[in-house]
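The hints should help you fit chains F, U, L and A onto chain B, whose structure is shown.
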Amino acid sequence: METLIYTALFAPLVGSLFAAMFGMSPKTLLTGVVTSLLLFVSFVASVLLLQHVMAVGPVHATLMDWIVAGDMRIPFGFSVDEVTAVMMVVVTLVSTVVHIYSNGYMEHDKGFNRFFSYLSAFVFSMLVLVMSDNFLGLFIGWEGVGVCSWLLIGFWYHRKDESRDVNPSISPAWAANEAFIMNRIADLGMLIGIFLIYWNVGSLQYDQVFASVGQMSHGLLVAIGIFLFIGAMGKSAQFPLHTWLADAMEGPTPVSALIHAATMVTAGVYLVIRAHPLYSAIPEVGYFIAVVGTFVAIFAASMALVNRDLKRIIAYSTLSQLGYMFAAAGLGAYWVALFHLAAHAFFKALLFLGAGNVMHAMHDELDIFKMGGLKKVMGWTYAYMGIASLALAGIWPLAGFYSKDTILEVAFNEHTYGIWFVLWLTAGLTAFYSFRLVFLTFWSDERYKEYGFHPHEVQKYVLWAMAPLAILAVIFGWWKEEFMAFVTRLLPAYEMNEHTHHMLGVLIVVTLAIAIGGIVVAYLMYHKRLRRNPKIEASLPYRILSNQYYIPVFYDKAFAKPYAELSDIAWKEIDMQVVDATVDGIAKIVEESGDESRKMQNGNLSDYLKWMAAGALILAVLALVAALKS
Amino acid sequence: METFAFYLFSILIIGLFAVTVLSRNVLYAMTSLAAGMVLISGLFFLLGADFLGVVQLIVYVGAVMALYAFAMMFFDATSVIKEKNSSATTVFLLGGLSAVLLVVIFAAPSIGGNLQPLYPSPDGASNPQAVGLVLFTKYLVPFEVAAVMLLVAMIAGIILAGKKMEHRITSSEEENSGEKEMK
Amino acid sequence: MIGLSHYLILSAILFSIGLVGVIRRKNLLMLFFATEIMLNAANVAFAAISSYYHDLSGQMFAFFIIAVAASEVAVGLGLLIVLYKKYGTLDLDNYTMLEG
Amino acid sequence: MLQPISVSLESLNLITLSPMLVIIGGALLILIIDLLKKDLDTSLYVMLSVLVLFVDFGATLSLGINERGFFDVMLLDGISIVAQLLILIASMLFIPLALTGKKFHEYSYPEYFALFLFMVGGFQFMVATDNLILIFIGLETASLALYTLIAMHNTRGALEGAMKYFTMGAMAAGFFVMGAAAIYAVTGAVELYDIAKVLQTRIAEPGIMIPVVGGALLMMVAIGFKVSLIPFHLWTPDVYEGASAPMAGYMSIVPKVTMMVVAMRVLGLYVDMGVESVRWMIIALAVVTMTLSNMMALVQRDVKRMLAYSSIAHAGFVMAALALDTTKAYSSIFLYYGLFLFTNLGAFAMLWISRNNKGHRYHPRYHHPYEKFSGLIHYSPAGAVIMAIFMLSLTGVPPFSLFWGKLYVISATVDAGYIWLAIVMVLNSAIAAYYYLKLIVYMFLKPPAPGIETIGINKSKPLVVIVGISAAVTTLSIFIMQPLLSYITYMVSVSGY
Amino acid sequence: MENILSVLIFFPLVAALLGFVVRKESIRVYGLTVAAIEFLLTLWLWFAFDPNNAGFQFIEYIPLVSDFGINYYLGVDGISLFLVVMTGLITLIGIIGLGDVKRLKNMILSLLVLETAMVGVFVSLDAIVFYLFWEFSLVPMLYIIGYWGGERRLYAAIKFFLYTFTGSLIMLVGMLYVAYIYQSVAGVWSFSITDWYALVLPISVQKWLFWAFFIGFAIKVPMFPFHTWLPYAHGQAPTIGSVILAAVLLKMGTYGFVRFSLPMFPDASVAYILPVAVLAIIMIIYTAMVAYAQEDMKQVIAYSSISHMGVIILGTFAMNAEGITGSIFLMLSHGIVSGALFLLVGVIYDRRHTKLMSEFGGLAAVMPKYAVIFGIMLMASVGLPLTIGFVGEYLSLAGFFRISPIMTLLGGTSIILGAIYMLSLYKKSFFGPVTKEENKKLTDLNGRELAALVPLVAIVIWLGVYPKPVLVPIDNSVKALVTFMEEKAQTPEAKAIIHVSTSTKEAK
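Residue numbers (my numbering), protein chains in the order written: chain B, 1 to 630; chain F, 1 to 183; chain U, 1 to 100; chain L, 1 to 497; chain A, 1 to 508.
Bound conformation, chain B alone (with noise of 0.2 Å):
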């Protein structure tokens, strides 16, 4: 099973690699094709892996040590079992189907083999991050997907700066920064919480750690908690470290399938569901991650309302599922979470496919305000963001339906009633921004034409490489019992109460209507045409939606420019002007001083004489001083 386990992570790695030799050279297709024939090698290899889990059990392999210091001992130790072994098959799914679209995706791309070796990297560094078994393993693949998905954000790093109303993310090298930056201070956060569990346990691997739980104190383990959770609100673009994910989408669009919606941004979920032993042990902390949670479903799908940039708009669709997931995972309901975390996967790396499909077709247009009517010429993407947008909305019998509905059970069945109404409310804006789009982009008038686009649909093969997401976006939700049944292995299995069973019906069909209820309305709203409202676009709530809260504003008045300008101060105020000019100070009294005593020295021999005389005096007085001293 090993050589399972390594195929599975090296394939890509060696696809990177393979891909990063000709990294200068112009366009191979070679590498296209060798890159994605390995990730599906490695996809392969996953499902088989998934086979032996589910029928044997899990794997475990140690490559070699890798720190060895003081008593810590940190191995390249993999270990397979049922949850990592549904996010690889996941992840490297999404990975292939990634890599067959970015073949006619970048087609015409300078950076085209560059551009595979940056993609293969990520999935490798994303199977390091789930597969690993200890936390620093596990840090390695976080860092690691945070580097590649700064090298796929500024992908087109040759674009200068714009201001923040001609582009919101500024230049794609800026977004990169951001996002890299952004999750540093989060992985600071999860540094202390490895520390933390380093100096409490003696040891990083995931189940001495778990083995350990019980030894360890309450609070301790709510900082454990918490600094684990900072770490994943970094990765996860949860509030308030959320504004990079809808800068990142400056990156080439399957970059965004795949880093930004459907594996990368799900490790902060990820790392929750991993630690649940930890999670369990405290509910208050939990239930933090879930308001958190909530709280940025609802709030990152307000901001999707108004936003006219279609990867904007999915971008903060993610930042909302992810709410969804946290939400769940919070509340106790692991394999919920990791459950809509693969629907997730699925039907928003189809979503951001269709939306680079139809970006292709426009010309690298976003503004769904300058779209509309596609559908007549790209059928297919039409139909895979339909599809797409259905299980986003959590239609029956799409798998969103599922898993979302399934979350809102979760929060009704805890009680937590606020939770639940806010996703339920969530769920009804996201249904209405989701077919939003899809109106604007494929129905109403053809305002392309306008402006002088001549859409076509992308290749064949491009489109049969969509076709498994769509499927499983479509299919994913009818393994629900099966899924948990094969992941509760691990996971502690989550049953609902008694009085949820009996509203179990009530729930879906008030969950289904306020879905349902979204769609007409952007039916209403757009099936024809734009309808624009000036005087809404002019209102305060439009103003701070389409402005996202302003924070990003905020956080560059608040963060940014201050600490430019403390670092301005601190170079020229403390540096030279206080440091430097102490040392070159002292330098100068002394120097000053020794032009002063010089005048003693002017030559004039009777005032030599002098100063002898003079000396022997204050000879006298130190001699007096001396003995009066003693």
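By construction, these hints were calculated from the structure, which means they are not laboratory data. Be aware that a few hints might be false.
To be verified - Think about it this way: if two alpha-carbon atoms lie no more than 30 Å apart in a straight line, the pair counts; the simulated DSS-like pairs of lysine-lysine are: (1) A/K102 with A/K441; (2) B/K449 with B/K375; (3) U/K85 with F/K164; (4) B/K110 with U/K26; (5) A/K102 with B/K110; (6) F/K163 with L/K38; (7) L/K102 with L/K459; (8) L/K103 with F/K164; (9) L/K37 with F/K163.
Stated by the list, open to error - Cβ-to-Cβ under 8 Å is the rule here; a few derived chain U residues that face chain L: (10) I2; (11) L28; (12) E72; (13) I81; (14) M97.
Cβ coordinates follow ideal geometry from the N, Cα and C atoms, glycine included.
Same frame as chain B, now just chains F, U, L and A:
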């Protein structure tokens, strides 16, 4: 008698030396210096150091003063000398304080305790005899060194005052011109 | 009765007079006079102590001081002659090339 | 009437005089040769002098340790022998510097060499006795000769310097004898061992401290003058600048070592007796001297003048060791000067070599302004490297010789518990580093000065040999440290210090 | 070859002396050969080194001044071994990467002399011999900065020299005092570090001695507020000078802490963790901010060095094997990474004769290889796992966490702030459109530059992925050190803070 002589000599010496250091006229200065020296030899006689008194007379009045007199003629400095003396305050402050310091040191009451002389004057010998005895035994080496010193002084005097010093043999022309610039 | 202290105080005063002369004089020749006074002041002290202790060392010292004084005059005057011959002045205010 | 006295020849221990007899005899020999035949070449006298010094060196080495002679006037203890050896080594290195590539006024006199030997003899007398009279006579013999030697360079600077030195020296002599008189007044003795004995019995008397310390104070003025401690140092830079470079180098070592020995004998006596005010006077002088002279050296524009100030600073540095009253401290003084000798003489010899006939080309007054050495590395790499070695040694950068000297002095200071003093010393070394570095910067890092190719015009084989020897000792000093240290420590400890 | 350490020290020196004979045209090859041989010798040392022996190996002992206890006493343990190897490596890489400079011969010979001094510092076990090399290393560096440097090179060189010289002199006083105490206890003089280790100093004495040594080391490191010489030195130094300065010379300071301060003054070290850590944290945060404000690429890296050195200090004062091992590893990794970064800046400086970030932009498009290597080094610099930079930083912070979680949190901002200034540097220089006409024609890395940089990239990744061969010997020696400190510490508080690894305890 001794007291009277001491005070007379002291006052005269102080006065004469004061003239030496304060007078503007080099002749007065030198004359009063010589007179002071003579009176100091008087003090020596008073103290019973006859030999020293004689040496004082011979060396100072005879040799040193003659040298100075020659030099003065050479320097053509027989008349009043113009000096830009530095501020009197500094000078007398330093001088006064030094005087106080020295007086304090030398007038300390503890001086003159009952000390055994280490090289007592032999009984019955006159002072010159006693001095001679010590000088040619114990102090023979310093005496000889003093002779060397005088030789050195002689050679030095001859060289420095000699004609050869008027021209530089150092092989450089510009060095001289450089100096001229500095003048 | 004249004690040792009288002589020593006289010596101290003479020394100070010499000192005043040394630090006051600008003419080198006259400055040298003052140095003679300083040496003579020491002689007085030595002679007096020697006499009071009945110890001859002091007289020896004084004797050698006289010898030194004589030698110094020889060398000093030699120097003055060279300086005067070359630069025509004995005022030390004129010899301030070396400074700083 | 007087009894005839008989003195046995053995009791005189005439051998103790042998080094001085050799050197005075040598000086007289030179004078006689000059009388017999005029116009002999300088090289003859140089080599004769070296030979005389060499014989003297041998005679000194053969002396028994801790012997007295000639009615106990002569004292040949360890420090006197070590000091004499240092004097002789420095003199042997100095004299060949007369064999320059160019002609210089002073070397045209055979008397120059005679006077020089007399001077060395004077210095030897100074250190080989503890009789204040002989110290004084020796001092004056040496000084009078030295004034003349300086003046014989016969430039305006040399004459002016000699005049200043002479005048201040006369005043210092006055202070010396007054100090001696004060001590004599208290103790009735002029020999230091007697003085010590008497003081020991009288130290407890009330009020005794005033004349005792007063005497020391007056002596200290004279010592301070000769060792050039601030504020008695004022002659030093002027004389060094005026004098020829080798003479300046010589003055920075030999008279100071000599006077240091006297200071050890005189002031050491006080410190040893626990007279704290004397100790503090020494320390204060030392601290002021190092600090101020370093600062003044910092602002100099002429290398020679800078080295003058630097040698003042070094004197202050060593002077601090005098206050410590430990064997190690006294040893460190000799060790320091032993190492300083080669380095500083070497540095001055380099200046001597660089003395060019273009006179004041770079500066209207200075012969050796920094600018002159600008970019020396390009024209005379060996010269620049050697000069840099000397500078680094003076800075105290290991492994060059003076580092070991500094190390030992500072170690002695630390041992004695004066850590603050040690800190002051090292901070001063740091200040000093700047001006030594400045020369290195000029030589290595600046573009060449115009006319720098003529900088070695005064070069001759003997000069190169002397510089080579100095550089070799400076560089390889670590290998002679052990014998040197054990020898000096032994010599100092047998002398009872 | 039992005397390999002497060979390592004196081989470059002898080679430098002989090098005067070699003609100018051939000097580059000569330098390369000598440096390569020296590097191979260091590798040989590594292979001959017994990783399971925590004590000193390859000991050489020749009395120099036996009356004063100065001996030519050499030895390596796990702590110093890799610093020696790194010295050999960096010198070699530096010479490979040396562009066409004026007076190449002088440069190469100075480098070889410098190498002697650097190796000497790390293998000396006698304080005076250590000090000798320590001080002597300033001289060639002075020459390198002062002769080949930028416009204000003289100022920078002199400042560098004087500043470090002053600090080390104060340290010298401390050393002399320790020797004095040793002498008064043992009766003989000794400057041997191993003898000093055995000396139990009273705590009050330890305390001031700690600061005396601290000043010497802190200026070298350089710690805030003694750091201002460094930006000048780096800013003005030629590329090779910066490389060696950052990679090796700064490590002398932190090495000094490990070699001297910790084992000699365990109580004082523990007692002063707080002030030292506060300084270190100021270093980390403040200099990271200053780095962010810079306009010159090289200055950014210079200040970043200071910031990273702060983490090393934290690790050193963690008083447990994790932290100290980490700090030593971080010394190595910082040496390699900062060396590479300075080389990289040198590359662009050679081409454009400017280092201002505003002069660049979009370099990634013009010089892709350059951008890739720069990017890798950047990531190593910000401590990305699986690069060399992570291991040390992680261990240092992890170690210090046991002392103070709060301060570790503050110190850990290094990973955020580091990312901020490095990424903004990268963005300003490499990303965005190519705005300047001159930049459009820039050539990518040439063979020589690649030859210098690629090995470093390989090491960065190799030791990031598999640091064990290096970590284990370090760790063994560090464990021994920590155990020793714990035994030697007098106060119970110190004993409590010094943390001996459980594995060591079990082994006992």
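To see whether the hints hold, each was checked on the structure:
{"no.": "1", "hint": "A/K102 with A/K441", "in the structure": "holds (25 Å)"}
{"no.": "2", "hint": "B/K449 with B/K375", "in the structure": "holds (14 Å)"}
{"no.": "3", "hint": "U/K85 with F/K164", "in the structure": "holds (12 Å)"}
{"no.": "4", "hint": "B/K110 with U/K26", "in the structure": "violated (92 Å)"}
{"no.": "5", "hint": "A/K102 with B/K110", "in the structure": "violated (41 Å)"}
{"no.": "6", "hint": "F/K163 with L/K38", "in the structure": "holds (17 Å)"}
{"no.": "7", "hint": "L/K102 with L/K459", "in the structure": "holds (8 Å)"}
{"no.": "8", "hint": "L/K103 with F/K164", "in the structure": "holds (15 Å)"}
{"no.": "9", "hint": "L/K37 with F/K163", "in the structure": "holds (20 Å)"}
{"no.": "10", "hint": "I2", "in the structure": "violated (16 Å)"}
{"no.": "11", "hint": "L28", "in the structure": "holds (7 Å)"}
{"no.": "12", "hint": "E72", "in the structure": "holds (6 Å)"}
{"no.": "13", "hint": "I81", "in the structure": "violated (11 Å)"}
{"no.": "14", "hint": "M97", "in the structure": "holds (6 Å)"}
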